[in-house]
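K.L.:
Please model the complete structure; the sequences and the hints are all you need to start from.
Here is what each chain is made of, one letter per residue.
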Amino acid sequence: MEFLQPATWAEALEAKAAHPDAVPIAGGTDVMVGINFGHLRPALLLDLTRVDDLREWTTGAGAVRLGAGVSYARVITELGDRLPGLAMAARTIGSPQIRNRGTVGGNLATASPAGDAHPALLAADAVVEVASVRGSRRIPVTDFYTGVKRTAMDADELIAAVHVTPPSGPQQYSKIGTRNAMVIAVAAFGLALHPDRRTVGAAIGSAAPTPRRAPAAEEFLAGELDALWESRAELPTEVARRFGELVAAASSPIDDVRGTAAYRRHALSVMARRALTWAWTDYRNDAKGA
Amino acid sequence: MRLTCTVNGTEQEVDDVWEGESLLYVLRERMGLPGSKNACEQGECGSCTVYLDGLPVCACLVAAGQAEGRQVGTVEGLADADALHPVQQAFVDAGAVQCGFCTPGLLVATHDLITRTGRPSDAETREALAGNLCRCTGYEKILDAVRLAADRMGGDR
Chain D
1 MEFLQPATWA EALEAKAAHP DAVPIAGGTD VMVGINFGHL RPALLLDLTR VDDLREWTTG
61 AGAVRLGAGV SYARVITELG DRLPGLAMAA RTIGSPQIRN RGTVGGNLAT ASPAGDAHPA
121 LLAADAVVEV ASVRGSRRIP VTDFYTGVKR TAMDADELIA AVHVTPPSGP QQYSKIGTRN
181 AMVIAVAAFG LALHPDRRTV GAAIGSAAPT PRRAPAAEEF LAGELDALWE SRAELPTEVA
241 RRFGELVAAA SSPIDDVRGT AAYRRHALSV MARRALTWAW TDYRNDAKGA
Chain P
1 MRLTCTVNGT EQEVDDVWEG ESLLYVLRER MGLPGSKNAC EQGECGSCTV YLDGLPVCAC
61 LVAAGQAEGR QVGTVEGLAD ADALHPVQQA FVDAGAVQCG FCTPGLLVAT HDLITRTGRP
121 SDAETREALA GNLCRCTGYE KILDAVRLAA DRMGGDR
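Protein chains in written order, with the numbering used here: chain D, 1 to 290; chain P, 1 to 157.
These aren't lab readings, by the way, just hints derived from the structure by calculation. Computed from a prediction, not measured in an experiment: that's the story for all the values here. Some clues are possibly wrong.
If we take Cβ atoms under 7 Å as the criterion, some of the chain P residues that face chain D in the derived model are [said to hold, decoys possible]:
id	residue
1	N38
2	E41
3	Q42
4	G43
5	E44
6	T49
7	G54
8	P56
9	V57
10	C58
11	V62
12	A63
13	G131
Here are some of the chain P residues that sit facing chain D, going by a computed Cβ distance under 10 Å [stated by the list, open to error]:
id	residue
14	W18
15	C45
16	L52
17	A130
18	N132
Where is the CB? At the ideal position from N, CA and C, for every residue including glycine.
P.N.:
In structure tokens form, the structure reads like this:
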């Protein structure tokens, strides 16, 4: 095995171009498990932890540009106010030790259907910035996941950053597993209310071959909220219940060691209903505070 | 490959490190520091918790080369020459050590917690130690040890 440690982003892209089969490693929370258990024997490990640019986040043009190497711990402490949905997802990840190492870029690159950041990124309409020696391009996160642990990236590309716009309304995140810490999600749900555009983002994790949005649920809810954004009136119970059903219907879960498909569907309907109730309550309370 | 890093304040250099090796393996098998324990090798149990540039991490998930030039702190670095660190002494006095396998990781995680927060609430402690599993299930005594250590270290908030 070879170990390459580029010091700059340009060197990292050159290395990936020269060795398209190189496995990038940042926090190591996925890659090292694979190596420790003998499931992964890359010819070349490409360590990205020396590329300082990747560990920075900046704001500009409305969106936060979150470098691919920013740890979950930093998302929580530094961006909890700007990116609440992603920070909520980050709080559910692993343990303090894992959050100190794991990165949002790594979560995207691994593209596990159970990755915790995905539903939050999908609900917030995040955009992934990937780059190669050929140049850089932006991929809406909705188009990023192409299959189980497969992405829209080419072999010579690396993830530079993810762009996430701070919300105009409340965001929520919900994850279910056997305990609160250190679990792979049995199912997860991310919600973003966008009162500025009068739309809704709703996305599921661990309940389909890829993380995915729930478009029918989003359209239904946006239609129902059309009459409520202004008045901030109470949300009819029936609307929350129907929203939960539509979110569950957007999934295509499997039975596996963590849970059955039927359980996942039920859990999603409950999490979506509750998340919406919490978010709408926040939205109504915001008006009282303003 | 050769790896050079600072461990518990002393520069260490080891040769013939395999590129896929973990920092945990390097510490235990090449540097003679077996305090950090090898249990799950997948970041689930926290037995291998060490400081890497001041942050608690699972050493089993750090590729050896990623530690090049970095500062590593292990459980062996907590005590000074003549006495246990107050966190270690509190674990002994509170009866928080049963089989002892999880203890080194819990000591480092607790050291970090008290250093950061002074006197953590029970909720903070549970959250901070959520990544450290005790298969003897001695968690109540471990919580006692954390409170005792925080008291003795005189933290306040």
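K.L.:
Hint by hint, say whether it matches the structure.
P.N.:
A quick look at each hint next to the structure:
1. N38: violated (10 Å)
2. E41: holds (4 Å)
3. Q42: holds (4 Å)
4. G43: Result: holds, 6 Å to nearest chain D Cβ.
5. E44: Holds, about 6 Å.
6. T49: holds (6 Å)
7. G54: violated (10 Å)
8. P56: holds (5 Å)
9. V57: With a minimum Cβ separation of about 5 Å from chain D (threshold 7 Å), the hint on P:V57 holds.
10. C58: holds (5 Å)
11. V62: holds (6 Å)
12. A63: This hint holds: P:A63 lies near chain D, its Cβ roughly 6 Å from the closest one there, short of 7 Å.
13. G131: Hint on P:G131: holds, closest Cβ of chain D at ~2 Å, below 7 Å.
14. W18: holds (7 Å)
15. C45: The hint holds - P:C45 has a Cβ within 10 Å of chain D, the shortest such distance being about 9 Å.
16. L52: Cβ of P:L52 sits 8 Å from chain D, so the hint holds.
17. A130: With a minimum Cβ separation of about 3 Å from chain D (threshold 10 Å), the hint on P:A130 holds.
18. N132: This hint holds: P:N132 lies near chain D, its Cβ roughly 8 Å from the closest one there, short of 10 Å.
Checked against the numbered hints above, the structure violates hints 1 and 7; every other hint is satisfied.
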